[in-house]
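Position chain X relative to chain Z; hints supplied.
2 protein chains.
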Amino acid sequence: MYPKSVSSLIECFKDLPGIGEKSAERLAFAMLGFDKDRLTTFATAISDVRDKIRRCSVCNNISETAVCPICGNSNRKKDTIFVVEKPKDVALFERLGVYNGLYHVLDGLISPLEGINPDDINIKSLLDRVKNNDVSEIILALKPSIEGETTMQYIKKILENEKVKVSKIATGVPIGTDIEYIDTMTLEMALEERKDIS
Amino acid sequence: MYPKSVSSLIECFKDLPGIGEKSAERLAFAMLGFDKDRLTTFATAISDVRDKIRRCSVCNNISETAVCPICGNSNRKKDTIFVVEKPKDVALFERLGVYNGLYHVLDGLISPLEGINPDDINIKSLLDRVKNNDVSEIILALKPSIEGETTMQYIKKILENEKVKVSKIATGVPIGTDIEYIDTMTLEMALEERKDIS
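The listed protein sequences derive, respectively, from chains Z and X. So in this note's numbering the end of the first sequence lands on 198, straight run, no missing numbers. So in this note's numbering the end of the second sequence lands on 1198, straight run, no missing numbers.
Hints listed in this document are in silico derivations from the structure and should not be mistaken for laboratory results. Not one of these hints is a red herring.
Chain Z is nowhere near these chain X residues, computed Cβ spacing over 10 Å in every case:
#: 1; residue: 1127
#: 2; residue: 1144
#: 3; residue: 1161
Between beta-carbon pairs, the in silico distance windows are:
#: 4; chain 1: X; residue 1: 1179; chain 2: Z; residue 2: 1; range: 29 to 35 Å
#: 5; chain 1: X; residue 1: 1001; chain 2: Z; residue 2: 122; range: 18 to 24 Å
#: 6; chain 1: X; residue 1: 1098; chain 2: Z; residue 2: 122; range: 55 to 61 Å
#: 7; chain 1: X; residue 1: 1120; chain 2: Z; residue 2: 95; range: 40 to 46 Å
#: 8; chain 1: Z; residue 1: 95; chain 2: X; residue 2: 1128; range: 53 to 59 Å
Distance condition first, Cα-Cα at most 30 Å in a straight line; then the derived DSSO-like pairs of lysine-lysine:
#: 9; chain 1: Z; residue 1: 14; chain 2: X; residue 2: 1086
#: 10; chain 1: X; residue 1: 1163; chain 2: X; residue 2: 1143
#: 11; chain 1: X; residue 1: 1088; chain 2: Z; residue 2: 36
The C-beta atom is built at its ideal place from N, Cα and C for all residues, glycine as well.
So that you can see chain Z by itself, here it is in the shape it has in the complex (with noise of 0.2 Å):
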């Protein structure tokens, strides 16, 4: 129907996720209406994803380097490890701005339904650090959920003979949120976990 190269590119696009046959073709046919330059740099800058995107050697963070800039950064604390679910949580606690301390990105979560493992994710590593780093406590932001509190479970456990604080980010009803909105189980956690006012 379409010209092959077209029909391949919807292709590619229906490789991504939520984008549908109609989507692809929407923006296949947007990609038709660009000029060469502003294709040759999409072509690019896929290429450079492919040619030049690595991860960290030391927290496993999507990178350029062998180390990531945050791991190589001298001003940041060392004594700190934040632990994350993907790269893309590390960008987000960064924008926040507030912590300085270095991260750790477990690529995936335990979840023995879908057969994942703990030496399937990127587990063992965090061990190491913590055995070969003067590491002081150990941040766990998960999400809470069954495969989030069984991966923060674990990780307890196999730090539990280290000395290492283990702390994990608070679970309870977002800032601005009706309480009527949110589900039983947050709200049982919010409850839970309930702080003396000062």
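Chain X in isolation, oriented as in the chain Z frame:
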């Protein structure tokens, strides 16, 4: 925040219609999860579109050849030209499989408000095609909007001295749609263009 090549890719995605900051990030990160082959395929698809896609010298549809497969198909009726706004519309009608004539892609509609004049779209070559070929009918399949109607009226006018029938596809209530949800203008058109039940 992100490595440079990832930021560049996010910017490229933001260039696409309907893709905002968040979606662009989501798509770029999804691509980070692709293996190198899939990234190569995607980059190549874009380069191919850039290098191979041109416009058919007859009908102005997108094509990888100087004359598109439809115009070059000797089994198609050469005496009917179906006029559409965009290359995508050709694929839409081809998929229906009920039309066996030729097409003409305008690449836009006349819109005095947006400063789009008849000279800005591919209308003159339609007149040339009618003058130089044995065309018996022009079917206008432009959207029923002010711009569409203006364009159809204009084409009707420039063809009034040619021996060619000019028709347009019907405006009316889409099949399966409850009449109460149809806008008044469509209803008026549907009433005006009512047909005897035979």
